[in-house]
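**Student:** Since chain A is already given, all that's left is putting chain B on it; use the hints.
Protein chains in written order, with my numbering: chain A, 8 to 315; chain B, 488 to 1008.
Everything labelled a hint here was simulated from the structure, so no lab data went into it. Don't take every hint at face value.
[Claimed, not checked] List of simulated lysine-lysine pairs, DSS-like, C-alpha gap at most 30 angstroms:
(1) B:733 x A:50
(2) B:950 x A:121
(3) B:969 x A:87
(4) A:50 x B:924
(5) B:619 x A:279
(6) B:626 x A:240
(7) A:50 x B:626
(8) A:87 x B:726
(9) A:87 x B:924
[What the hints assert, rightly or not] Computed list of chain B residues with no C-beta within reach of chain A, every gap over 12 angstroms:
(10) 553
(11) 561
(12) 564
(13) 572
(14) 703
(15) 723
(16) 765
(17) 767
(18) 861
(19) 891
(20) 892
(21) 903
(22) 966
All figures in this text were calculated on a predicted structure; none of them were measured in a lab. Ideal Cβ positions, reconstructed from N, Cα and C, are used throughout, including at glycine.
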Amino acid sequence: MSILVDETKTVIVQGITGREGMARTQLMQRYGTRVVAGCTPAKGGQDVLGVPVFDTVMEAVEKMGPIDVSTIFVPAPLVKNAALEAIAAGIKLLVIVPDRVPIYDVLEIAAAAKDVGARFVGPNTLGLLSPGRAVFGMIGGSAASAKDWFLPGRVGVTSRSGGITSSIAYYLSRAGIGLSTIIHVGGDGIIGTDHPAVMELFESDPDTDCVVMFGEIGTSQEERVADLIGSGKFTKPLIAYIGGKGAQTGTRFSHAGAIIEGDRGTHDGKVKRLREVGATVVDNFGDIPDAVKTIIRPMETAKIPIIE
Amino acid sequence: MARLHEYHGKQLLREAGFAVPKGQVVRSQSEVPAALAISGLPAVVKAQAWTTSRAAQGAIAIAENVGDVTAATVRMLSLKIGGFDVTEVLIEEKVDINREFYVGIVVDDANKTPVVIFSSIGGSGIEELARKYPKNVSKTPVDVRFGLREYEAREAVRKTGVTGSLQNELTKALLTLYRVARQWEARSAEINPLVLRGDGKLVACDCRITVDDSAVFRHPELKIEIAREFGRPPTALDKIAWTVEKDDYRGTFYFIEMARGYKKGDGFIGFHGAGGGGSMMSMDALVKRGYTIANFTDTSGNPPASKVYRAAKIILSQPNIDGYFGSGSGVASQEQFHSARGLVKAFWEENLSIPAVIRLGGNGEDKAVQILTEYTKNLPAPVEGYKKDDTADFCAQRMQKLLDAQRDKTTPRNLALPVTPEFTAKDPYSFDTPTGKVVLDHALCRDCQTKSCVQTCVPQILKDQDGVVVLNISREDAKAGKCIECLACEVECRIGGNAGGRVILPIPGLDEYRTKVAAGE
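Chain A on its own, in the form it takes in the complex (with noise of 0.2 angstroms):
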């Protein structure tokens, strides 16, 4: 199993035309992802290796049939139409590429989302990736690689860091530890699933065993998800590293974020709130393999995924 990604979930790429929708859509379909519709405005009509395109998500949805997840590849300021666009067509997952997406819009996606109990990764995220099953966005980059860096096992991975993402994915596979999903859950500071939801995720899914977690400073997620430890949500074993130790350290301009989040944010804290509640916090990134390594064993069988 793997959370939010597999082989059966059908798939849309809204910008489908545009130089990272279409490069993203071969490397989906390369993998072994079931991409069965594009969308660009008034670009309906064409094929795009492959994959019909239509102008709306609506019209897709009409000819192809209820679509279960989006991937959206448009520009920042067209990405809270496209991901309402897609939330009103019925779409459960969203996975929204684009960086610097404007705060009040995510905040809007955010809002239409739960009311339908739809859920969207991002923004500024390369998605998520179940090795030898599918991956919706453009972790890995190419299917070669992504095929070639990835194993499949037991153990999540959940990183705001896209490039960590899949370091931490690649470095855990070279010894020989397998992976169940990889997600990337975005560099921004609101997102629609956070670490703290990703852990939910993992913690009901049978096939895995164990997460590592990259955090970094600000926002309260890892803080959050060792709450959730603390209160028996979370029960697996979590290795964690949170970067930002060496980052200067602003003098602080506002204090309505200390209001909310109280002493939440920093490097120190978040260490320390998940220490305390029993996870393994690392301090070298080198060392989240063999820390992993204490937990499960590496699978000897671990090989090459078997997708072709």
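**Tutor:** Only chain B this time, still in chain A's reference frame:
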């Protein structure tokens, strides 16, 4: 984040109908009388700086007469707060304080909504007060689609124990501040203190607004120079970098100067990362070895080679950096040979004389490292390339080795050279790209056996036509983005062809900047 100075925030409040103290911002002593004519006496003199607790730093003064106001202004204009010069001072009327409140709007990452925070006690030390007296503080999430409702605002005030006509006034204040925050897309907007004046009127005595960087493009009237997280006003080089990034949504380019005034040999390194998380770790690796980061740069999210090239040119416009270090997560999804070509073009043009260590791990890393290292063999300084199995720490170690072996450690690089070397084509054929221009010299094309540009052009938009290379698409399509500025027609042509291709990628303001730096200004 794009922070607004107090006076700017107050101006937005005033436009929305909020009462603020009468006053004006000054930038020199000569402007004091005009400001005083508006504020009257006694006056409050406030240095405009992005920090809290200004009073403790001598950045706020109360003055009873013209002489004191002038003296305080002059003193503050020579202050340095958080490492940058105070250039603006606000002079405003002194408000007689009856009672103080706090009101703030902040976007809450856990709730994914704006939250209105109201405290019936405000003033300095608000964080401490909020902890000590939780019953005086209310937090109200807002549905962003409908905005703050009148009843929600009133309930936020009522919960803290405020009654009567003051409740009415505060309700209005909350609604107005929310409107301001929403209109300008503020990540946070706060008034502390919100003062109840002797005459019963509410006045915003301070104001801090941080506009969402990603929304700045929708608010040109705010005149925010750089929509990025800065703890200080941007430097000239920061601004040049921002002009490159502003309208180019292909990938991300972030540049911030982190040090100035250092000399060659002081151990300052030009840093070029890819991806926030990996960059942080890579910088840590350098710092551990005793080096200082001269600038933070990030090119990620699959940027075109042209963006990486411009980033490198800007990094190399710092004359006193000792080395060039490139390293991100190490396992990049983006095709790294684009970055390699961008770097190679920049290194050639600069005739690179400081050692460079670049970790190009990820997609296409073999090709990337080959391009980077093979094509730069003849440069004065060594250029090393590494892949995903090489750690950031190992690369930092290589940087150290190369720096130790450097013969001339103290002569700054000469920036007087033109940013883009001359290229005179005998028989030019050119077309526009999204952010520049490609020039192919057909005179050289005719003697070229390989036409390597046609083979290596990533989007395959070139063709060999009667012995010369031309577009196989329309010029309009090339400019609209079919040309992805992969730079192969310059870089690969110089190595495998007849050196007849050039991609001209202007960087507005960089020439002037370098001329000034070279002249020691």
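**Student:** Against this structure, judge whether each hint is valid.
**Tutor:** Hints versus structure:
1. For the hint pairing residue 733 (chain B) with residue 50 (chain A), the CA-to-CA distance comes to about 27 angstroms; that is within 30 angstroms, so the pair holds.
2. With a CA separation close to 52 angstroms, the supplied pair residue 950 (chain B) and residue 121 (chain A) exceeds the 30 angstroms bound.
3. Between the alpha carbons of residue 969 (chain B) and residue 87 (chain A) the distance comes to roughly 26 angstroms, so the proposed pair stays at or under 30 angstroms and holds.
4. With a C-alpha separation of about 28 angstroms, the suggested pair residue 50 (chain A) and residue 924 (chain B) falls inside the 30 angstroms cut-off, and the hint holds.
5. Of the supplied pair hints, the one linking residue 619 (chain B) and residue 279 (chain A) holds, its CA atoms being roughly 23 angstroms apart against a limit of 30 angstroms.
6. The hinted pair formed by residue 626 (chain B) and residue 240 (chain A) meets the criterion: a straight-line CA distance of about 26 angstroms does not exceed 30 angstroms.
7. Among the hinted pairs, residue 50 (chain A) with residue 626 (chain B) is inconsistent with the structure: their alpha-carbon atoms are about 46 angstroms apart, more than 30 angstroms.
8. Using a Cα cut-off of 30 angstroms, the hinted pair residue 87 (chain A) and residue 726 (chain B) holds, with the two alpha carbons roughly 29 angstroms apart.
9. For the suggested pair residue 87 (chain A) and residue 924 (chain B), the alpha carbons sit about 33 angstroms apart, so the restraint of at most 30 angstroms is broken.
10. At roughly 32 angstroms, the least C-beta separation between residue 553 (chain B) and chain A is larger than 12 angstroms, which holds for a residue marked as non-interface.
11. Consistency note on residue 561 (chain B): stated as away from chain A, and its beta-carbon is indeed over 12 angstroms from all of that chain's, at 24 angstroms minimum.
12. For residue 564 (chain B), the shortest C-beta to C-beta distance to chain A comes to about 19 angstroms, beyond the 12 angstroms cut-off, and the non-interface label holds.
13. Interface exclusion of residue 572 (chain B) from chain A stands, the closest Cβ pair being 15 angstroms apart, more than 12 angstroms.
14. Chain A draws residue 703 (chain B) into its interface by the beta-carbon criterion, the shortest separation being 9 angstroms against a cut-off of 12 angstroms.
15. Here residue 723 (chain B) stays apart from chain A, with its beta-carbon at least about 21 angstroms from theirs, past the 12 angstroms limit.
16. Interface exclusion of residue 765 (chain B) from chain A breaks down, the closest Cβ pair being 4 angstroms apart, not more than 12 angstroms.
17. In this structure residue 767 (chain B) is not separated from chain A by more than 12 angstroms, as the shortest Cβ-Cβ distance comes to only about 5 angstroms.
18. Annotated as non-interface, residue 861 (chain B) keeps its C-beta farther than 12 angstroms from every C-beta of chain A; the closest such distance is 22 angstroms.
19. A cut-off of 12 angstroms between C-beta atoms confirms that residue 891 (chain B) is not in contact with chain A; the least separation is 23 angstroms.
20. Distance check on residue 892 (chain B): its Cβ is at least 26 angstroms (rounded) from any Cβ of chain A, clearing the 12 angstroms threshold; non-interface status holds.
21. The Cβ of residue 903 (chain B) sits about 32 angstroms from the closest Cβ of chain A, beyond the 12 angstroms cut-off, so the non-interface label holds.
22. Interface exclusion of residue 966 (chain B) from chain A stands, the closest Cβ pair being 14 angstroms apart, more than 12 angstroms.
Hint compliance for this structure: hints 2, 7, 9, 14, 16, 17 are not met, and every other hint is.
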